[in-house]
Amino acid sequence: MPRMTMIEAIRSAMDVSMGRDDDVVVFGEDVGYFGGVFRCTQGLQQKYGRSRCFDAPISELGIVGAAIGMASYGLKPCIEIQFADYVYPAYDQIVSEAARLRYRSNGEFTCPIVIRMPTGGGIFGGQTHSQSPEALFTHVSGLKVVVPSNPLDAKGLLIASIEDPDPVIFLEPKRLYNGPFDGHHDRPVTAWSKHELGEVPEGHFTVPLGKAEIRRPGSAVTVLAYGTMVYVAQAAAEETGIDAEVIDLRTLLPLDVETIVASVKKTRRCVVVHEATLTSGFGAELVSLVQENCFYHLEAPVARVTGWDTPYPHAQEWDYFPGPKRVGEALIETMEA
Amino acid sequence: MPRMTMIEAIRSAMDVSMGRDDDVVVFGEDVGYFGGVFRCTQGLQQKYGRSRCFDAPISELGIVGAAIGMASYGLKPCIEIQFADYVYPAYDQIVSEAARLRYRSNGEFTCPIVIRMPTGGGIFGGQTHSQSPEALFTHVSGLKVVVPSNPLDAKGLLIASIEDPDPVIFLEPKRLYNGPFDGHHDRPVTAWSKHELGEVPEGHFTVPLGKAEIRRPGSAVTVLAYGTMVYVAQAAAEETGIDAEVIDLRTLLPLDVETIVASVKKTRRCVVVHEATLTSGFGAELVSLVQENCFYHLEAPVARVTGWDTPYPHAQEWDYFPGPKRVGEALIETMEA
Amino acid sequence: MTDNPAPLKFHVPEPEVRPGGTPDFSNVPIPKAGSVDRPPVDVDPRTIRDLAYSIIRVLNREGDAVGPWAGTLTDEEQLEGLRHMMTLRTFDARMQMAQRQGKTSFYMQHMGEEAVSCAFRKALVQGDMNFPTYRQAGLLIAGGYPMVDMMNQIYSNEMDPLKGRQLPIMYSAKDHGFFSISGNLTTQYIQAVGWAMASAIKGDTKIAVGWVGDGATAESDFHAALVFASTYRAPVVLNVVNNQWAISTFQGIARGGSGTFAARGLGFGIPALRVDGNDYLAVHAVAKWAAERARSNLGPTLVEYVTYRVGAHSTSDDPSAYRPKTESDAWPLGDPVIRLKNHLIRRGLWSDERHKQTEAEILEAVISAQKEAESHGTLHAGGKPSTRDMFEGVYAEMPPHLRRQRQKAGV
Amino acid sequence: MTDNPAPLKFHVPEPEVRPGGTPDFSNVPIPKAGSVDRPPVDVDPRTIRDLAYSIIRVLNREGDAVGPWAGTLTDEEQLEGLRHMMTLRTFDARMQMAQRQGKTSFYMQHMGEEAVSCAFRKALVQGDMNFPTYRQAGLLIAGGYPMVDMMNQIYSNEMDPLKGRQLPIMYSAKDHGFFSISGNLTTQYIQAVGWAMASAIKGDTKIAVGWVGDGATAESDFHAALVFASTYRAPVVLNVVNNQWAISTFQGIARGGSGTFAARGLGFGIPALRVDGNDYLAVHAVAKWAAERARSNLGPTLVEYVTYRVGAHSTSDDPSAYRPKTESDAWPLGDPVIRLKNHLIRRGLWSDERHKQTEAEILEAVISAQKEAESHGTLHAGGKPSTRDMFEGVYAEMPPHLRRQRQKAGV
Ligand SMILES: Cc1ncc(C[n+]2csc(CCOP(=O)(O)OP(=O)(O)O)c2C)c(N)n1
Ligand SMILES: Cc1ncc(C[n+]2csc(CCOP(=O)(O)OP(=O)(O)O)c2C)c(N)n1
Ligand SMILES: [Mg+2]
Ligand SMILES: [Mg+2]
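So the protein lines, in turn, are chains A, B, C and D.
Count along the first sequence from 1, then add 20; that gives the number in this note's numbering.
Count along the second sequence from 1, then add 20; that gives the number in this note's numbering.
Count along the third sequence from 1, then add 166; that gives the number in this note's numbering.
Count along the fourth sequence from 1, then add 166; that gives the number in this note's numbering.
Just so you know, the hints here were simulated from the structure itself, not pulled from any lab data.
Hints should not be assumed to be uniformly reliable.
To be verified - Label-pair distances were calculated between CB atoms; the ranges are:
1. D:Gln573 to C:Gln573: 40 to 46 Å
2. D:Pro312 to C:Glu180: 43 to 49 Å
3. D:Arg512 to C:Val194: 52 to 58 Å
4. C:Arg249 to A:Thr226: 49 to 55 Å
What the hints assert, rightly or not - Per the computed footprint, the stretches of chain C lying under chain D, defined by three or more beta-carbons under 8 Å from a beta-carbon of chain D, are:
5. 381-389
6. 417-425
Stated by the list, open to error - Derived PhoX-like pairs (lysine-lysine); straight-line CA-CA distance at most 25 Å:
7. D:Lys454 to C:Lys368
8. D:Lys175 to C:Lys175
9. D:Lys454 to D:Lys198
Everything numeric in this text was worked out from a predicted model, so none of it was measured.
We put the CB at the ideal spot given by N, CA and C, even for glycine.
Could you build the full structure based on these sequences and the hints that come with them?
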């Protein structure tokens, strides 16, 4: 099986989708001739022509708004926002339009678009290249929200997202593009070519939306994570020696509550981790669901380990990032509670 | 003491603030000559002139963006977004700019603005005149989020917000403008003039941000509510006969965790209510905080009663709105759990 | 001279007249009908910038159709146009009344602006798509969409095509080239451009039409639409209906110092035309010109319709608070129905008698549709969409969490 | 003719030349220096629309300053201007290298565009406020802001005025009329207008300046800025630095069919000028004209600076992937430093020798500032802002939840 980085897997997903379906179009800032600042769309314009893959003006509102119009026409736009930090100018189009079009028109018009965007920190990108805005989308009825954590899933989930009949926010943890980063920023990262999840089929396949995956089975405590934090959680489990079960949520909306509840009922303890700021983060929803569904099984409060409630700093990046040390401490605390 | 509706109280807060401080300016769509579609700014232009209270083009982005510039100059803009449903075009300016200006400039530039907006449903306003987007702001570090539930608080909180050195999102539950609506849409609403919280001092006073208020003391279960839901919760308590303690949060960010925790530790049960959709709503944060802080005191899972995870419908408004019946059922369930 | 500069002054535009004053439009330059050139559709946009500052008019004061823009409609079509406008006006009157009677929550009428959407619709063909605001129901009336379906939507009754989910008048009618209306202003302007881009990407022949009001041009989506339309030469007609007022703010608040809204197009190299929006014949001629440009792969056109909102903004509004009550009488472009009627009478195709008779017929048809609609319920009485409907259609397939919520709601 | 229309075609603008091709700017019309009129500042904007399509230039090929826009600077000031541009260029070179050496995470240089920010700064007075992008550090250099403070910010070291919170080069310097830079494009354009409105509301005499790149004009905030500036006649200068490229996309993607970016102003009735951005004297003259308009309560001016980004977009970018390597050599407006240098030499005020000597002096000054800055640490070594600093300044007063979090972090 071929080995792919996450960038290659994402590119392959678009390539496969464009090859199978003429209605799939790809555009965004710098994605056409140049192939994207992270090179996710490299070669697609050459292969499919300028009508299928093209550069857009620097207007996130325009990119999403135009994509909605195209989708209502019958196309399936898969668009790129250069960094998740720049999605806010398009927020109205996403929340008021893409998410509600099917509902308000009673299905006359629909909005099968995928909005890809690199998310998360760990690259010294400061306030405007590091954010994790997933909770701002999980509150919006009508959207789906996906966060892959490895090349195999990235490709399968992206194809599934492109084929999905509804709008999907597809968040790509940029710190994982080249390897499974575990939060130890002072150690070299393994390349995906050395990782089994870097083995990705060449052709078409999907990973269904709405299904979580247990990355590390365990019996002592459940860790709910997604994106980069999956590896941080695994590292924390190894380092503390705590037999944690690490669940990679993969899709945040709709959420695989079943897998979560089954695990927590088994382990009776739960830690939730994400890079985004704490207050009103997606972790709050996870904690709520766990305590609603597993109240009588829980032996300790569900803990949250997250970014702090400040803008994302530049120099203090590694004090901000919820690394294996902080996650490990929460695991210990939760076990001792 | 004079009696005021919530509209009059809000107007009075701006009037008092403009009278005391020349730097307070008020603008927004239709707020100048006409005095706002809900008449909250009526008379202010006449009294303070067109440079202090004026009409703005229909551009929420422009209104907030200009206000940020004015605030960085030294003014204190108190601006109106006509309906909370229309705030999204300004979302980038709020999240990326207003909320982070102090931090990123290390205090060289600050952003003392108040963004007022009518929020919530119950007026057959459909998808675009009914939303409760508070959770989209409570996730943003650097903002404060305020939701008054009565004329007295509305005035005191609004003056405090205008005087606050940081950006404040001020959400006005429009269903409360004229009276304390308890969710019984088929019964007449009492006017504020008949309610003790409609007694509002004429002049300057503040209600501090970050402090909740117990509206109905009780010992059986704590209900966390804000805005319109405060009255719905009170009605549910009366109707079920359950001795609920109803806490009016008033400020969502920063939150008065102390008052909440003290109450739940006493009652050992908790129900959270809001009009916004369930998933990733502010209720999730409340549930998380309660279980983190009161885990060993809780005798039942913390329940959430909220709007459903659909866009706000028009005809089915009263099936959507979390009225006293649904809140009452949650109270009973929580007591019986 | 900037060594000791005078204090700056803050400028807020104000309308000439406020309640209590005497309406005065004498400062509004109205070119004579027939006086504006009609360039070929493949004209170099740089050579027709002056069209953004004039007004294309066909019907003159006497009721004659004159000049190079005249002659795009047959007699039949003109008679039909009159009927459409009369129908829209009657429809509005009845629905306005129904709202007052509590049969629905909200209504918005077209009084004075009927020509714009009714005439524009006749320049399109099946398959084209409008992205309308709430004030273009003439697109439906003139396109033959059943009035009773419109009313069912307005009443949110059991036959409401939108299942009660949408505010009254926020129609959606795909087969009639009418995109689902959004309550958020201007969002659909850029969507229209995207739809048009899609048509070009697919090598189709369909064109899109964006609609926005004067006030709503200030929204950011307006800019995105012009940028994308200009860059990709999208086959789209971008319409600005300048009815002089947003809600309480006059057009000067949105327009600023530009003189006209059409001028906005110039900064993008987009041909920009202004047209007498109360002149059915002129609207049609300009619409046809712009549609032809789009369909001939010549790219976007921006059209400003100069008209006047005679009624209140909506049933929630009372204009006497912000403008003189008699302002609409002073409006120099007259009433679109009367102007077309007079033209047809002058040409011997119509008479006062037939007009009255047609009015009566239309009223009857509207009332009969209304009766039918009301038999399916009104907002607070009779048949209504189900609570189940509220949970459907958020996604193509209902996800588990929504299924659980529906269960909890007991439906 | 629309009965059987041909299929539509999708149009995506492309630059004339791509890597491998031969750069060619022969289609870019460059008017002769001195050929564009200089209207009085209180000119009726409607009469100078052609200025949006020309280029105001002062320095001709021979190095003479010619025409009505010449003569706004003394000899002294011109010499100082040359020094500022040279300083900025040297500063850039050193910081670019420091980034390559791993002393910071990121850098963005000005190569080729030095005249724009350096000359503009000299048209402002103390108290005015710029809302810059990341490519106007000349505003700081020419305003006398200490280089060592800039470097401390770039290194995120213990003396960083912004406490390590911001990306390198996202300076903030209130006393130097330099607003805190945002990494989000164009957001500050409308803020500049708001600041200017505030100055007018208070009856002050200060003016604001908005800055945006060619690519970033596509953002919605650009529209909001023009709407508000036009409506309230705000005392603001709105600058568009057209350096031909966004990141990998050439200006045609943002500009579409409008010909120029200055043209965007015409749709708002805002006087719009284009100026040779590589001509220090022309930039200053136009800046002065626009600033004077603003300060005289005549409202906003839009200025497009025609220049060329010689270097990479940032240290993360490699332009050879999207444009010919030699494109900058072919750029017809030359190098701003060399052009001013030649002018001063021609006038006997400067010499190659003095130039070399000054270069050496500047390099020494920059190196000495760098040494000082590095003594306070670089991103990954030496003194750094504290973790405590990370929690400060989110609000004026730290709220309880943040205090708890700081405690948890153990700082
Ligand atoms: C984003 C947004 N902001 C504000 C509103 C409230 N609003 C509805 S209609 C309207 C006035 C629109 O005026 P105009 O564009 O001139 O259209 P007209 O009603 O005159 O046809 C306003 C402010 C809205 N619906 N959406
Ligand atoms: C809202 C937003 N979208 C995208 C970006 C990413 N980005 C940074 S600079 C840039 C190109 C800007 O080009 P231009 O405006 O021409 O300025 P220049 O770099 O040429 O000075 C882009 C796309 C951003 N910073 N903010
Ligand atoms: Mg209008
Ligand atoms: Mg550029």
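Hint check results:
Distance hint check: the CB atoms of Gln573 (chain D) and Gln573 (chain C) are about 43 Å apart, consistent with the given range 40 to 46 Å. For Pro312 (chain D) paired with Glu180 (chain C), a C-beta distance near 48 Å keeps the hint of 43 to 49 Å intact. The given range of 52 to 58 Å is respected by Arg512 (chain D) and Val194 (chain C), whose C-beta atoms sit roughly 56 Å from each other. At roughly 54 Å, the beta carbons of Arg249 (chain C) and Thr226 (chain A) sit within the given window of 49 to 55 Å.
A count of 5 residues in the segment 381-389 of chain C with a Cβ less than 8 Å from any Cβ of chain D is obtained; the coverage claim is therefore met, three being the minimum. With a threshold of 8 Å between beta carbons, the proposed coverage of the segment 417-425 of chain C by chain D holds, since 8 of its residues qualify and at least three are required. Of the supplied pair hints, the one linking Lys454 (chain D) and Lys368 (chain C) is violated, its CA atoms being roughly 50 Å apart against a limit of 25 Å. For the suggested pair Lys175 (chain D) and Lys175 (chain C), the alpha carbons sit about 50 Å apart, so the restraint of at most 25 Å is broken.
In summary, the hint linking Lys454 (chain D) to Lys198 (chain D) is supported, as the alpha carbons are separated by about 21 Å, within the 25 Å threshold.
In summary, the structure is inconsistent with hints 7, 8 from the numbered list given earlier, while agreeing with the others.
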